[in-house]
Each structure stands twice: as C-alpha cells, then as structure tokens.
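K.L.:
Per numbering that gives the first Met the number 0: the sequence shown = residues 0 to 283.
None of the hints are false.
Subject to a maximum C-alpha distance of 30 angstroms in a straight line, what follows is the list of computed DSS-like cross-link-like pairs (lysine-lysine):
1. 225 - 238
2. 31 - 236
3. 238 - 266
4. 225 - 266
5. 31 - 56
6. 266 - 31
7. 225 - 31
8. 266 - 236
9. 236 - 225
The calculated label-pair distances, taken between Cβ atoms and stated as ranges, are:
10. 86 - 52: 19 to 27 angstroms
11. 111 - 173: 41 to 49 angstroms
12. 59 - 190: 41 to 49 angstroms
13. 268 - 52: 35 to 43 angstroms
14. 233 - 175: 20 to 28 angstroms
15. 270 - 82: 42 to 50 angstroms
16. 272 - 173: 37 to 45 angstroms
17. 223 - 250: 20 to 28 angstroms
18. 256 - 168: 21 to 29 angstroms
These aren't lab readings, by the way, just hints derived from the structure by calculation.
Heads up, the beta-carbon is just placed ideally off N, CA and C, and yes, glycines get one too.
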Amino acid sequence: MRITSDWHIHSRNSCDSASLVVADLIAEAAAKGITAYGLTDHINVWTNLPDIERARKEYEESCPPPCFRFGVEVSCVSQWELDLIAAGTESPVYGIRTGGPESAALALALTDEHIRRLGIEYVVGGVHWPMYVPWERQAVIRDYHRQLLFLAMHPLVDIVAHPWWWHGHWQDADGRYTAEPWFDDFGHIPASMHEEFAALVVRHGKVVEINISAILLNRRYPERFKSQYLDYLADLKGKGVTFSIGSDCHCPHYQIDFDASARMLEKAGFRHTDFWTLPPRRTA
Numbered sequence: 000m001r002i003t004s005d006w007h008i009h010s011r012n013s014c015d016s017a018s019l020v021v022a023d024l025i026a027e028a029a030a031k032g033i034t035a036y037g038l039t040d041h042i043n044v045w046t047n048l049p050d051i052e053r054a055r056k057e058y059e060e061s062c063p064p065p066c067f068r069f070g071v072e073v074s075c076v077s078q079w080e081l082d083l084i085a086a087g088t089e090s091p092v093y094g095i096r097t098g099g100p101e102s103a104a105l106a107l108a109l110t111d112e113h114i115r116r117l118g119i120e121y122v123v124g125g126v127h128w129p130m131y132v133p134w135e136r137q138a139v140i141r142d143y144h145r146q147l148l149f150l151a152m153h154p155l156v157d158i159v160a161h162p163w164w165w166h167g168h169w170q171d172a173d174g175r176y177t178a179e180p181w182f183d184d185f186g187h188i189p190a191s192m193h194e195e196f197a198a199l200v201v202r203h204g205k206v207v208e209i210n211i212s213a214i215l216l217n218r219r220y221p222e223r224f225k226s227q228y229l230d231y232l233a234d235l236k237g238k239g240v241t242f243s244i245g246s247d248c249h250c251p252h253y254q255i256d257f258d259a260s261a262r263m264l265e266k267a268g269f270r271h272t273d274f275w276t277l278p279p280r281r282t283a
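Starting from the given sequences, assemble the full structure and let the hints guide the process.
P.N.:
Below, the structure is given as structure tokens:
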C-alpha cells in the first residue's frame, strides 16, 4: 500500500513551531508521490486569523497545483475563554487550559464568514488540551470524549483530527509518555465512548484523521499504545468510519516516513482505497 494524500500540513505561518515554506512543500510533496494534499495552519483563537491570512497569501503566490487545497486546523476551545479574550481580560495562550468552569460550553474561533473570506476549502478540528478538569485520568478521558463529540457534530468541521492525541503533562523524565492518561493501556477509555463517537461521525458525515507524526510515528508514545491504537482505528473502520491521512508536518521540510506508516496501516487491514480525498480543484 502507498499513501498518496495528506490533509494536515503546517507552514511557517502557523502559530507554533512549524517552519515549512509553501513552495518547498509543493516540490517535496510531488517528489514523495503525494498527489492530493492541503495546508492547515492553526486557528486557536481569533488572534490567529492574521496567520491564516499570511498562509493564504503565500499559498496563492505559490501557484498551487489543482491537487493542493487550502484548509485550516481549528482547536476546540471554550466560549467562556473566547468571551474573556473578546472583552480584553484574557490573553490568548496555547496549551493546557486551566482556571475555567469544567462545564464551559465548547466553541470554535471560526465562522462561515472567515471561511468565505479566506477561501478555506476544508476544516480540520482537533482536541488539543483538556478544559479546566482535574489532573485525574477519568476526568481527562471524559473531557476529551466530550470535545470529540462536539467536533463530530460541528457543522463547520470536515475532519476530526488525531483522536486521543495527548501532550503536555505526565511525561517521564526522558520526555516519553508511558502511563496516564491512557498510554499504559488504551483500554482505560470505555468502548462505549468509541461507539458513541463512531456513530456520530457516521451520522454527521465527518472524516476521522489517522495522524502520522503525532501518533503513529510519535517517538514519545509506547509501542503497545500504538498497537492498541491501530486496533481502535480498525474497529472504527468496521463501524463505517471514513478516514483521512494527516502527516501533521511541522518541520522545515516535508520529511515524513509515509512508507513506515503505510506498513503499519496495511498490517491493521487498511488499503489505499480506504482514505478520503478532495477532488482536484477546478481550473479555468
């Protein structure tokens, strides 16, 4: 099996450590045999919109081929925090959220108007941090599940990014994750949660991302977890879920080991035809 699509890529315009030049991406994607792909820089809160405007400008200046599309990755946030930012009483920050109410309504800092104005062709939505819950395994699991369901039902989201990705807490001294919240045993997450998520994804016509850099090839994650995660993906597939491939590239060059990822997915029962893709953009 070969991987030929990638719908989660970050450029140097993204609000994090990403550093890829768009023109380099086009050349390097072609060299790797990636024939359908898209740019998805981050929107966490409204202050990231200038980043997307820069990304759009660089995208247009690159003379993008029809197989190269323009998207964004939005983070699940809380309306409570967006209201504070709008009122000027809170500074937008990236990372694990603290200090708010656990029951805060979830939100995205993205609107239909943003999508029209910026020419956004598809939206990747991800859970990137827990929302104001205690550092306790089951509390984090319940909150992540709540956010995943929100994304699965949100009308602006096309792809739910990297389900059950984790960072920022419970690292070992060497930077690896080997225990909480689910790295010692992915079975800590109840099967009923996976069933509910799969049902909503299918019902609302969403796509679930298989993330290469953040999960499959993440050196900080245990191999046992990765094996269990592949079983989880195969189970979702059996429930009728559609998948996309996302490299989640943040590097200065498009250095993704698609071959190793393809071998892992093929062993789990995936085939080239299982993956979602956008058709090439129409040209005049």
